[in-house]
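> Given next are the chains, with one letter for each unit.
There are 2 protein chains.
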Amino acid sequence: MIHNTTIDHQLDHRSIRKFKPTTLSQEQLQTLYSVFQHTATSMFMQNATLLHITDEAKRAKIRELCNQKYVGAEGDLFIFVVDLYRNQQIRKQLGQDDGRVHTTDIFFQAMEDTLLAVQNVANAVESMGLGYVPLGTVNDHPLKMLEVLDLPELTFPVLGMQVGIPDQEPQLKPRLPLEFTCFEDEYPRDFKVENLKDYDEVVTTYYDLRDANRRIDSFTKQITGAKLNLHETDRDQISEELHRQGLCLDWHTN
Amino acid sequence: MIHNTTIDHQLDHRSIRKFKPTTLSQEQLQTLYSVFQHTATSMFMQNATLLHITDEAKRAKIRELCNQKYVGAEGDLFIFVVDLYRNQQIRKQLGQDDGRVHTTDIFFQAMEDTLLAVQNVANAVESMGLGYVPLGTVNDHPLKMLEVLDLPELTFPVLGMQVGIPDQEPQLKPRLPLEFTCFEDEYPRDFKVENLKDYDEVVTTYYDLRDANRRIDSFTKQITGAKLNLHETDRDQISEELHRQGLCLDWHTN
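Residue numbers (UniProt numbering), protein chains in the order written: chain L, 1 to 254; chain E, 1 to 254.
Don't read these hints as lab results, they were simulated from the structure. Where hints are given, some of them may not hold.
The list treats identical chains as interchangeable, and a pair is accepted whether it falls inside one copy or across any two copies.
Claimed, not checked - Result set (DMTMM-like, lysine to aspartate or glutamate): computed pairs, CA atoms no more than 25 Å apart in a straight line:
| hint | residue 1 | residue 2 |
| --- | --- | --- |
| 1 | Lys18 | Glu194 |
| 2 | Lys173 | Asp208 |
| 3 | Lys20 | Asp55 |
| 4 | Lys69 | Glu184 |
| 5 | Lys144 | Glu56 |
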């Protein structure tokens, strides 16, 4: 294994859900913005926008929708936004039609821009000795979240991130062994669940030892359990949200 | 601005499209796999898979579909795959139905897992003194690419990456100033294209000075030009590809 400070942080990644009661300095914030800005971007379209949420009332509303007490609490709250509004405005104000901005293709390229920027900022955060947790819960109630964030058409808040000085030291969570996730040339269709037996035991032991939470599900129990079972959830509004925002459409139906 | 080796690499990012005729050592490869493995993952579902393409015939076919001479040429070629096949197999082999694996919601969480892993690997690559270029062109001909990669249902190759020792020193490409992309609390709807005048000049100068390419389009000219104009392209097969793969469906229509 090759070691350097970047890689050592990456291999030591754990989500932080408890932060000290401080906020980022202006210098830290500007550095994260610059890292965001320098992320690779598809076709040089620069389709990502970063919102930094400091308003207490807004933080409280977002926390309520995310239903996680650490969201918008100690530390800094960011929302990473897929943004085709800016490029639509450029086209419109220069006398062009919307072109391909509504297409699934361009939306996916914007998703790429935005999610690469999330991880780039995450790595910068950890390089400064800070911690973070990605917030997928910003899409737990998509239509309400759009209202709270007051976002224009052609935007989509894909992930949030809470950042700060860690006030906990969680255990490293054991990941699927590489034999199940990294392949040379051929994707092996002959996956056999019994080969996960050892990994299941490792995961169960991890939960047994963890202080914060009494859940003791193995990996396969989690995958066969509630989170992937069919159930009603507002998260199924994501398609409706995207179409309402004018995103992810087939161009010939514009 | 805060400086450390991670951040300095991030602020100095440029895509590399010309590599020396070497490939990664086993140690480098295993390190990149480990970084891939330790990326944050939504709901601990671990929905990403990494393909390392070394077979020359396969590399040639991918290069042809991507229509970029550096794809699968010098250096190493990776394909980052959204993967819900593995978790479907776990459920199936343990006697469960597919549950929510076909939903748009779960597909988006898998996109997040996979694209975060792309940038995590990218940062590890640059920390080793290597370079990379993300390959969005793996979706230029989605249906043909699925055949070449021989991928099962519930998978989607979202991005490729060519990695190696840089054999060029491209200029740093000027990005949109932060006032257009990073906002506090409120998304400003009052974007005015005339405020991009200075940035347009910076971009034009960049192209004027660049050796490799004679294109001298400003940013707004690019956005109002061919790449976002309506046109026929196989990239509009992405929706069809996803649905054929059993991904990104509404659960009640499963």
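> Decide, hint by hint, whether the structure agrees.
Quick rundown of the hints versus the structure:
no. : hint             : result
1   : Lys18 to Glu194  : neither (36 Å within a copy, 44 Å between copies)
2   : Lys173 to Asp208 : within (12 Å within a copy, 49 Å between copies)
3   : Lys20 to Asp55   : within (19 Å within a copy, 50 Å between copies)
4   : Lys69 to Glu184  : between (42 Å within a copy, 21 Å between copies)
5   : Lys144 to Glu56  : within (18 Å within a copy, 50 Å between copies)
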